[in-house]
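Visitor: Chains as they are written, first to last, in our numbering: chain X, 1 to 145; chain B, 1001 to 1263; chain A, 2001 to 2097.
Treat the hints with care, since some could be wrong.
[What the hints assert, rightly or not] With a straight-line cut-off of 20 Å between C-alpha atoms, the simulated EDC-like cross-links for lysine to aspartate or glutamate are: (1) A:K2070 - X:D53; (2) A:K2070 - X:E87; (3) B:K1051 - B:E1139; (4) B:K1022 - X:E135; (5) B:K1027 - X:E115; (6) B:K1022 - X:D29; (7) B:K1023 - X:D98; (8) A:K2048 - A:D2076; (9) B:K1027 - X:E57; (10) B:K1057 - B:E1046; (11) X:K88 - X:E115; (12) B:K1023 - X:E71; (13) A:K2048 - X:E71; (14) B:K1084 - B:E1178; (15) B:K1022 - B:E1178; (16) X:K134 - X:D53; (17) A:K2086 - X:E57; (18) A:K2086 - B:E1152; (19) B:K1023 - X:D53; (20) B:K1193 - B:E1150; (21) A:K2070 - X:D98; (22) B:K1023 - B:E1179; (23) B:K1113 - B:D1020; (24) B:K1027 - X:E135; (25) B:K1181 - B:D1020; (26) B:K1027 - X:D29; (27) B:K1073 - B:E1110; (28) B:K1027 - X:D98; (29) X:K134 - X:D29; (30) B:K1159 - B:E1110; (31) A:K2074 - A:E2017; (32) X:K134 - B:E1238.
Source of the hints: derived by calculation from the structure; they are not laboratory data. This structure is a prediction, so every number in the text was calculated from the model and none was measured.
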Amino acid sequence: MNSLRRTLLGALALTVLKPFAALAAWNNDAFGAKSAQDALKGIGATGAAPSKDIVIEAPQIAENGAVVPIEITSNIPGTTSIAVVIEKNPFPLAGKFDFTQSALPYVKLNVKMGETSDVRVVATAAGRHYAATKEIKVTIGGCGG
Amino acid sequence: MKRLSLLLALAFCVPAPAQDAKKEIQKYQQMIADGSPVELFEIGGEELWKKPQGPKKVSLEKCDLGRGAGVVKGAYARLPRYFKDADRVMDLESRLLYCMSMLQGRSAEEATKRVFGNQDTPSEMEYLSAYIAGQSRGEKMAPGTTHAKEKEAFALGEKLFFHRAGPWDFSCASCHGEENKRIRMQDLPVLSKPAAARPVVATWPAYRVSNSQFKTMQWRINDCYRQMRMPEPVFASEATIAVNLFLAATGKGEPYRGPGTKR
Amino acid sequence: MAGPMKMRATLAGGNTEVRVLMTHPMTTAQSGQPLHFIQTVTVKQNGKPVLEAQTSQAVSRNPVFSFRLKGGAKGDKIEVSWLDNKGESNRIEGVVA
């Protein structure tokens, strides 16, 4: 398959704080929470029911905690939001992704993990919350060179 | 990350056999390589290649990396090699220094002032290495092995590979000379054997996710010497080029996969 | 000062795959240096915001994100922008290949 890739480099833009019109304010409380419970409370996603319809694709072992790749798909119909919580991180909430009708409830991202921990993904659909968990072991690799 | 705590040794905590660990680590390596910051370094390198610099205000675009002036495609896979104009064997970085001097009029002092960068500010060499190496994707590794000076360099590199020195009496072979050895979770390839050397030379230089640095071959070799507690080699010295040639030649024939992404 | 971004948007299985690479230190509180990290990422498809992310210092340095948009066609305009805690921002535009 011939995929013609055209990319444009973003221009350097240093702007004074002026949020884009559509943005929700960054959730200080949730991101500042020091426990997974408080973080989820902060985004109003407590009481999640375990679900097998959230797929977390990630290695069981990360060679280094600085970059841990996680790929998430929610197969729950009507998913509008996915939150990623790293239980043992000092600030467990790593990210929250909000999808309009035009986006699929899917994201791949790289996160920092301070140590081996459960990674909990909470999906929200029609006001209800669902969760799946995966443990990722964090190691320090090689000889550092 | 400074406070990266905890090395989990699978042998102690989880009864998973070694094979599973290997598979999961491979998955990790695959996932981090898919969409790596390496591409940003390649872009930065191309810009630097075309940027007029030095007293002569000239870009590097006429630099001969071995395939003719300005030919970048496939050049990295054919390094290190002998260059007639300099009458010596050169690797990528020494050749870049040569062009910086000859074409751009830059002094050796200025051009080597900051050859190794850091996570916030990569050095020129890192960007240029990424770009030039990236242009050899798919090419078979074919460093110079026939010229008399190339043979000499190979022999020197091989000797250095096995030469024990320093306070720990280490050689490259101390870590990379025996099968089935590892440091923490990383398997150590026996780099003096083609089968192990091939996938290695096919994926360096590389971006290290653990410190967000793009490690060029000169930097990687420098680090090896540091880890062996040996005196720091001079940048682009005959010794480092020789070791580089020894590794590249041992891994020759392997299709180059492009700058790698490593832990 | 914002460093380079790169984006690739392609059609796959009837949907639009967007992969974006960003240059950013994503400095954490633990590092002892001032906190500096991307807080929001916005994805637009043909000018319309379709995905919004709020991110933390736990996202890795030089973030790489992959997103998927429903449907889509060659030539669709995709824009990804970010805003960090210091008010710095960057943006990239591209077309679906």
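Visitor: Hinted pair, alpha-carbon criterion (20 Å max): K2070 of chain A, E87 of chain X. Please report holds or violated.
Guide: violated (31 Å)
Visitor: Against the 20 Å threshold, does the CA-CA distance of K134 of chain X and D53 of chain X hold or violate the hint?
Guide: holds (13 Å)
Visitor: For the pair supplied as a hint, K134 of chain X and E1238 of chain B, confirm whether the alpha-carbon distance does not exceed 20 Å.
Guide: violated (50 Å)
Visitor: Has the given pair, K1057 of chain B with E1046 of chain B, been kept, meaning a C-alpha gap of at most 20 Å?
Guide: Given that 20 Å is the threshold and the Cα spacing comes to 17 Å, the pair holds.
Visitor: Are K2070 of chain A and D98 of chain X close enough, with their CA atoms no more than 20 Å apart?
Guide: holds (14 Å)
Visitor: Verify the proposed pairing of K1027 of chain B with E57 of chain X, using a straight-line Cα cut of 20 Å.
Guide: holds (10 Å)
Visitor: Straight-line Cα separation of K1023 of chain B and D98 of chain X no greater than 20 Å?
Guide: Between K1023 of chain B and D98 of chain X the Cα gap is close to 33 Å, so the pair fails against 20 Å, i.e. violated.
Visitor: Between K2070 of chain A and D53 of chain X, is the straight-line Cα distance small enough, at 20 Å or below?
Guide: holds (19 Å)
Visitor: Please work out if K2074 of chain A and E2017 of chain A have their alpha carbons no farther apart than 20 Å.
Guide: Roughly 12 Å between the alpha carbons, so the hint for K2074 of chain A and E2017 of chain A holds.
Visitor: K1022 of chain B and D29 of chain X: Cα distance at most 20 Å?
Guide: violated (40 Å)
Visitor: Is it true that the CA of K1023 of chain B sits at most 20 Å from the CA of D53 of chain X?
Guide: violated (25 Å)
Visitor: Given the hint that K1027 of chain B pairs with D98 of chain X, test it: the Cα-Cα distance must not exceed 20 Å.
Guide: violated (28 Å)
Hint compliance for this structure: hints 2, 3, 6, 7, 13, 14, 17, 18, 19, 23, 26, 27, 28, 29, 30 and 32 are broken, all remaining hints hold.
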